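For the record, the sequence lines run as chains U and X. If you count the first sequence from 1, position 35 lands on 35 in my numbering, and the numbers rise without skipping. If you count the second sequence from 1, position 38 lands on 1038 in my numbering, and the numbers rise without skipping.
Note that these hints are calculated values from the structure, not bench results. Note that this is a predicted model, so its numbers are computed, not measured. Among the hints, a few may not be true.
Chain X stretches covered by chain U per the calculated footprint, using a threshold of three residues with CB under 8 Å from any CB of chain U [claimed, not checked]: (1) 1037 to 1045; (2) 1104 to 1116.
Here are the in silico distance ranges between beta carbons for each label pair [as the list claims (entries may be wrong)]: (3) X:1008 with U:59: 22 to 30 Å; (4) U:59 with X:1005: 12 to 20 Å; (5) X:1067 with U:109: 32 to 40 Å.
Cβ atoms here follow ideal geometry from the backbone N, Cα and C, with glycine treated the same way.
Residue strings, one per chain:
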Amino acid sequence: KAGVTQTPRYLIKTRGQQVTLSCSPISGHRSVSWYQQTPGQGLQFLFEYFSETQRNKGNFPGRFSGRQFSNSRSEMNVSTLELGDSALYLCASSLQGALDEQYFGPGTRLTVT
Amino acid sequence: GENVEQHPSTLSVQEGDSAVIKCTYSDSASNYFPWYKQELGKGPQLIIDIRSNVGEKKDQRIAVTLNKTAKHFSLHITETQPEDSAVYFCAARLYLYGGSQGNLIFGKGTKLSVKP
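Pulled out of the complex, with its shape left as it was, chain X reads as follows:
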């Protein structure tokens, strides 16, 4: 089955710096890669996603890149702010024929701390 590895497990940056989180996946049939932000006491919040037919996607300070050949994808946060502090999860999803949504396989998470 699919396996997703996420690095680093913790990341500490100064406010204004950039943060990069990397994930690798094992199944080349995976075609959808979302990133979630989870704050304490809350459920994961979808912040950006990318599909296998796209190499890069940006949304303001957040960008995601996908390298299908190497089977890895990354989250880039620029000009980090204290409110970016949270746990970030990457995930991968297989497309199952017949319309069924393959379940998301999550990485173990990265705890990002942005120091003011």
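With the rest of the complex left out, here is chain U:
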């Protein structure tokens, strides 16, 4: 069974631009969560989607948004990029949530210049 895939793997953007990252969960998994990883703050939760609905949200500004499609694939968008948004963005999928294990993808490395 294929794991969680994320595209693109690397991205360089300029301040003020916007970016869209994509995540394909493990086949059969319906819950997708997004995390931001930085050396200073570690791994921080952004949001979780289940059945095309945002079910849980972390403490990030409204510039960070996401969505999930009917095939469970998910995208996250960051608008008006800031230098501090440079990070590894990780997607994790699980069967339904609640008591299920989460499996992470390889991440998208975003650099904002």
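Here the structure of chain U is known, so what remains is to put chain X in place on it, guided by the hints.
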């Protein structure tokens, strides 16, 4: 909210020795505690997990223990090998009513180096 503390931040051991990483959590409602291994350039890999109704779980050279009273849990790696070198993260998750998966709260990580 939940807070997870992880110690030590770095750990260096000789090949064949044991390694222990400890985490404490703050919210007694947390009920799921996974451990992840992250190698350079890769996403975190789930290596073992434990739920609040279990005190200990083993998988070959890896074991996790949970003390709910003290609100701490530990990862034990025996007979360490150079390929065990990586950053290890502990996490805790609250169960939210209604089926929603509470998000994982991660510790800051432990960089484990196994010297041959």
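Here is how each hint holds up against the structure:
By the rule of at least three residues with a Cβ nearer than 8 Å to a Cβ of chain U, the coverage given for the region 1037 to 1045 of chain X holds, with 5 such residues. With a threshold of 8 Å between beta carbons, the proposed coverage of the region 1104 to 1116 of chain X by chain U holds, since 6 of its residues qualify and at least three are required. Between residue 1008 (chain X) and residue 59 (chain U) the CB atoms are about 27 Å apart, so this pair conforms to the stated range of 22 to 30 Å. One distance hint, 12 to 20 Å for the beta-carbon pair residue 59 (chain U) and residue 1005 (chain X), holds here, with the actual separation near 19 Å.
Between residue 1067 (chain X) and residue 109 (chain U) the beta carbon distance is about 37 Å. The supplied range of 32 to 40 Å therefore holds.
Figure legend: structure checked against the earlier numbered hints; every hint is met.
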